[in-house]
Amino acid sequence: MVLGSMIILTILSPLITRYDPNAQVEPALSRYQSPSWEHWFGTDQFGRDVFSRVLFGGRISLIIAVSVVFLSVMIGVCYGAVSGYFGGLVDQILMRFVDLFLSFPVIFLVVTCMALFGSGISLLIVVLTLTGWLDIARLIRAEVNALKQRPFILKARAAGLRTLRIIGRHLIPNVVITMIAIAVIRVADIILIETALSFIGLGVQPPTASWGSVINDGRLVLTSAWWVTLFPGMAIILTTMSLYVIGDGIKALHH
Amino acid sequence: MKMVFNRVLYAILLLCGIVILNFSLFFLSPGDPTNLYFGPKVKRQNLETLRHQMGVDQPWSKQFQEWGRHALKGDLGYSWAKHRPVRDILMEAIPATLQLTMLALLINLTAGCILGILTGVYSRKWFGKIIDYLSLSAYSVPIFLFAILFIYFFSLKLRLLPASGMSSLIAGDFGFWENLWDRIRHLILPVSILGLMGAAATSRFVQGHMKSVLRQDYIRLAFAKGLPKSRVYVSHAFKNALIPVVTLLGIYFPFLLGSALVVEVIFAWPGMGRVTYEAIFSKDYPVIMAVNLIAGLLVITGNLISDLLYRFIDPRIRVK
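Protein chains in written order, with my numbering: chain A, 13 to 267; chain B, 1077 to 1396.
Quick caveat, the hints were computed from the structure, so don't treat them as lab data.
A virtual CB, placed ideally from N, CA and C, is assigned to each residue, including glycine.
Misleading hints may appear alongside valid ones.
If the Cβ cut is set under 10 Å, some of the chain A residues that face chain B in the computed set are [said to hold, decoys possible]: (1) Cys125; (2) Ile184; (3) Thr207; (4) Ala208; (5) Phe211; (6) Ile212; (7) Gln217.
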């Protein structure tokens, strides 16, 4: 299963590397052409080549998702590790804080922020990160808690390792595998969220492409110009599915 | 009982925290609410008057107090974009959304549990794997895509079901039963989409738990004792695997109002999601505040319920 997903992963990389130049804006004469040899995925309502839009959109969606996950994992792991390791009062306080933020309905928060502060890509990343690290912190804390009692940690403490940060260097590498599994799955989640936001109009703004906004573009002409919706949709499905499979595979390996 | 009281108190505190956070967000945001109302050539004085009317020229704490006092009395303000009391808007929208999400939750939990258990039990056989694969694909599909495709097939191609709205245009003429049937027809698409997507997520969760339950020693003991397979599964495995599903109820609670957002927008369903969407695009702060308040309320209540339920149901915890 994991091997099969690796194969699918190689389909992903072309999305990142092969970026066509920003030849998105083309004369209006070429509106809504069906897929042809010229335009592999056809054109949309402005005559833009859907293929390059999908690729470009893929770049953007992936960049957003990866940055968000990267940042939230950084924050979440540090927070969770500290909280889980120290336990006691520190743990309680830190976790209450997390609870407070988790009590926010994420969707509403994201949507509200996007509405209030305008919508740019960096803003999107910030908001998604801020709502995203909480979950990770919780999970990591649980892991660390479990690991705390293991012999090698106790040995390190008995040896009187100078700074607790050094123990962080023993502890964290062991959390890494779970972390990677979580991260991969989160990337897929974020892709889904970001595309949904772009679809509604609260994510990546036009004329920048994002899988979600391209699908929105094609929504009204679904019966006639099906290619505008189909290809980004397929892209999303393939990407998220392979990410989930990889994530699950890593988790299975760990156990 | 003391524990319950503690939890409730904590929940109320959280709610206050949410409200404060919400309010602060609005004050951090750039721009002025009055931008909606006037063109660029407005007279300074008119602007000031409007601001005073809206109450936005007061300092933060004062506005917050005002809002709080009103809210406690049940008055959630006046919508800037729709010129109606927010309360009325919500009163109309909430039942609409609840119709959608409760049904969807029902489908979600039942289908999800069944599928999850099936895939957990039969995870090595081929049909277990197929179901697993299918639910994974369903999980990977973004909701809006699902919605669009469904509309395409069932409304446009097959002409079986209506594509949007809560009732047909001629619904005024219908008697009770026709009205009911009409409503059901309109409900089918969005509910099935929400339900199926949720079921995919739930089944993944249940499946994971089911697998870990089946690995436990007491299950192997039950098999070793010679109990018939069905007995082992039903009385031991299922019951234990389904316990955390109760916590799912708590988790899904906020989704009752929230996740329907995209679906409601696509299907033009006049519910909370649509209200939020419109409020956000028209920068209608009072509505947004109220919506966030209610959403926060739901989240906290949901967490509270699932927490308490979990403590009751899990016998291990009860003994403590």
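Hints and how they fare:
1. Cys125: 7 Å, holds
2. Ile184: 25 Å, violated
3. Thr207: Holds: closest Cβ of chain B sits about 5 Å from threonine 207 of chain A, inside 10 Å.
4. Ala208: 6 Å, holds
5. Phe211: With a closest approach of 5 Å, the phenylalanine 211 of chain A hint holds.
6. Ile212: This hint holds: isoleucine 212 of chain A lies near chain B, its Cβ roughly 6 Å from the closest one there, short of 10 Å.
7. Gln217: Violated - the Cβ of glutamine 217 of chain A stays beyond 10 Å from chain B, reaching only about 13 Å at its closest.
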